[in-house]
Amino acid sequence: MKSNFVLLFLLCIGLTASNLHAQDFEDFVKKYTGANGKDFMQPLADAFGANLNSGWYHNAYIAKPGFQLYIGVSAIAAPIPAKNRTFTATTEGFFTPQQQAEVPTIFGENKIIKASGEGTEYQFPPGIDIQRAPMAVPNLTIGSVLGTNASFRWAAYDLGEDIGKIELLGWGISHSLSQYLPLEPFDVALGYYMNQFGIGDVVDASGWLASIQASYQWHLFTLYGGIGYENSILDINYTFEEDGSEVAFDLEGNNKMRGTIGLTLNLGPVKLNSDYSVARQSIFSVGFGLGFNETKMKRR
Amino acid sequence: MKTIIFVLVIILGCLWGCETRTFTFVSTIPKTLEYTVDQTGAFSETYTLYADDFNDDLDLPEDAIIRAVEIESFAIKAEPQEGNEASDVIIDCYAGTETEPFAENVRIPVNLSLSYKAMPGLASSLVSKLRDELEGFVVDSNPLSIAFRIEGDSDPAGERVHVLIHIQVTITVGYEQESEFPSFL
Numbered sequence: 011m012k013s014n015f016v017l018l019f020l021l022c023i024g025l026t027a028s029n030l031h032a033q034d035f036e037d038f039v040k041k042y043t044g045a046n047g048k049d050f051m052q053p054l055a056d057a058f059g060a061n062l063n064s065g066w067y068h069n070a071y072i073a074k075p076g077f078q079l080y081i082g083v084s085a086i087a088a089p090i091p092a093k094n095r096t097f098t099a100t101t102e103g104f105f106t107p108q109q110q111a112e113v114p115t116i117f118g119e120n121k122i123i124k125a126s127g128e129g130t131e132y133q134f135p136p137g138i139d140i141q142r143a144p145m146a147v148p149n150l151t152i153g154s155v156l157g158t159n160a161s162f163r164w165a166a167y168d169l170g171e172d173i174g175k176i177e178l179l180g181w182g183i184s185h186s187l188s189q190y191l192p193l194e195p196f197d198v199a200l201g202y203y204m205n206q207f208g209i210g211d212v213v214d215a216s217g218w219l220a221s222i223q224a225s226y227q228w229h230l231f232t233l234y235g236g237i238g239y240e241n242s243i244l245d246i247n248y249t250f251e252e253d254g255s256e257v258a259f260d261l262e263g264n265n266k267m268r269g270t271i272g273l274t275l276n277l278g279p280v281k282l283n284s285d286y287s288v289a290r291q292s293i294f295s296v297g298f299g300l301g302f303n304e305t306k307m308k309r310r
Numbered sequence: 003m004k005t006i007i008f009v010l011v012i013i014l015g016c017l018w019g020c021e022t023r024t025f026t027f028v029s030t031i032p033k034t035l036e037y038t039v040d041q042t043g044a045f046s047e048t049y050t051l052y053a054d055d056f057n058d059d060l061d062l063p064e065d066a067i068i069r070a071v072e073i074e075s076f077a078i079k080a081e082p083q084e085g086n087e088a089s090d091v092i093i094d095c096y097a098g099t100e101t102e103p104f105a106e107n108v109r110i111p112v113n114l115s116l117s118y119k120a121m122p123g124l125a126s127s128l129v130s131k132l133r134d135e136l137e138g139f140v141v142d143s144n145p146l147s148i149a150f151r152i153e154g155d156s157d158p159a160g161e162r163v164h165v166l167i168h169i170q171v172t173i174t175v176g177y178e179q180e181s182e183f184p185s186f187l
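For the protein sequence lines, the chains are A and B, in the order given. Heads up: the first sequence begins at 11 in the numbering used here, then just goes up one per residue. Heads up: the second sequence begins at 3 in the numbering used here, then just goes up one per residue.
Hint data in this document are derived by calculation from the structure and do not stem from the laboratory. Take the hints with a grain of salt, since some may be wrong.
[Stated by the list, open to error] Once the Cα atoms are required to be at most 35 angstroms apart in a straight line, the calculated DSBU-like pairs of lysine-lysine come out as: (1) B:K33 - A:K124; (2) B:K131 - A:K93; (3) A:K266 - A:K74; (4) A:K306 - B:K33; (5) B:K131 - A:K124; (6) B:K131 - B:K33; (7) A:K48 - A:K121; (8) B:K33 - B:K79; (9) A:K124 - A:K74; (10) A:K93 - B:K79; (11) A:K266 - A:K175; (12) A:K124 - B:K79; (13) B:K33 - A:K48; (14) A:K266 - B:K33.
[To be verified] Stretch-level coverage of chain B by chain A, calculated; a stretch enters the list once three of its residues show a Cβ under 8 angstroms from a Cβ in chain A: (15) 20 to 29; (16) 142 to 151; (17) 168 to 176.
Using N, Cα and C, we set each Cβ at its ideal position, and we do this for glycine too.
Please model the entire structure based on the sequences and the hints provided.
And the structure:
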């Protein structure tokens, strides 16, 4: 089960190539089952939630009427800001006298901070010292019906009976405002997107993003952007088999408002896009896919 | 299809390659020393902690490099047993071959409902010596064992003491270990 626990974490932050040992990750989080735990893990919720709500669009143009299709994959990364790398922790347990110290969060410096007592020493756990939390998601967008596109993302993988299935399910709709308003040469649309992510009974995450998007097409390029309001939660509940102790966190991502700007390169059906979202937890996203009837040139 | 997607995700993660990183970790191990006292008047009991047992419980990876062994805290409680007359016991705590107690005149209320309390009045220098011995435990199993002795009496003295005394010692071990890690992180 130990090896499974580390896998859970790695999957959460997308580090599928790492071989950190399970014992190690338990040592990262087990000491923080008390009041410090939430602050230690909060940056994971911020980054993971922001990642979930990203990579949904690369264009605001919605053909009306007409068939429109995009299938691709987005690689998303949340750069961890300096303020999310440390927090003020208080010594726990029976250590005396109680003290506070500025210590690493789960993404912070991989360095032990100590507090001294009566010959005793309290060792605050280090972080794993990473600069960005990545995620990759598949995307499918299809339309349009009355100027409305539907978007989906789904991935699932069975990790065995100890954990169960890892599953990502997302859906969304975007509706053209350009069909009602004389906004040429810009395209404008409203979008709403919902994500659910789970790993067995251990991790349960969800997020939603509501946004207004705009794009401007120039030759092979589409400049796009948007303003969005979002929310996300990350619940983790894990019982260590060795001693029955529990790690349980119910965390809400700090991101609420985000502004996005990006550029899509249209090479016929091949679409390459990149965007940056400014928020409390900013996001960088790169997309690659095949799109059909996604540009106005096609229409002309 | 789902396998393909999962493999794609892994490939994306590996696109930037991996590197060997040295990570620092902290492992926490609480050890409970238990003493059954059934005595009228002064008593003395010993609990022996063995290095092999300690390291088995600690269960560090084989390639771990130990950087720091620390004693985080001592906590104590006493549970009354049948026939106990004492409402409090007062004890001195000794470790190893030390003749001076690392905790002196520690008063413990005898009460089944009480939970652990932090042990007050620790002697810093003696706790530090004990820490050195525990570091030897972890690094090279030397010494092979450490005896923890308690000496005490009821308060007021002379009552029958039939109690189970628990001393919880919380020890933390800082260690390093190399792991492969995606370099782009």
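Could you check the structure against the hints above and give me the numbers of any it violates, in ascending order?
2, 4, 9, 10, 14, 16
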